[in-house]
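Numbered per the working numbering, the sequence shown spans residues 77 to 175.
Each hint should be verified, as a subset may be incorrect.
[To be verified] Below, simulated SDA-like cross-link-like pairs (lysine to any residue); rule was C-alpha separation at most 25 Å, straight line:
#	residue 1	residue 2
1	K91	I110
2	K129	S117
3	K127	R137
4	K149	H135
5	K149	A136
6	K149	G139
7	K127	N114
8	K141	R126
9	K91	L102
10	K149	A134
[Stated by the list, open to error] Each pair of labels, with its calculated beta carbon distance range:
#	residue 1	residue 2	range
11	A100	Q133	55 to 61 Å
12	A132	V96	51 to 57 Å
13	L112	A143	54 to 60 Å
14	L102	L131	40 to 46 Å
Rather than coming from a laboratory, the hints here were simulated on the basis of the structure. Each residue gets a CB set at the ideal place from its N, CA and C atoms; glycine is no exception.
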Amino acid sequence: MIVPSANPQSNCKKKGFALVLALALLSLVFLLVISLVNLVSTDLSLVEARKEKILAQAHARMGMKIAMGEIQKHLGPDMRISATADLLDERIESGKNYE
77 MIVPSANPQS
87 NCKKKGFALV
97 LALALLSLVF
107 LLVISLVNLV
117 STDLSLVEAR
127 KEKILAQAHA
137 RMGMKIAMGE
147 IQKHLGPDMR
157 ISATADLLDE
167 RIESGKNYE
């Protein structure tokens, strides 16, 4: 059995307080969800950047291997030595300028 309260205004204030409390909790949950979405999007962009960096490094490594293969193909057998022309230039050893 429901007993009517002596003060009907007090009951109305309690209902208003519950509404304010529910809205405050709802806004807190909303802020939490927005924060999590922001965090996830930041992590996804970092993962994409890392993936692109790894892919770029793999492409660079492959390009270097292709270039080394071309150099070895044009140099001939491994018995030959490749060096710059400065190796045979006596002016560099003596410290003279190119004039």
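(message) When the structure is checked against the list of hints, which entries are broken? Sort them ascending.
(response) Hints 1, 11 and 13 contradicted; others consistent.
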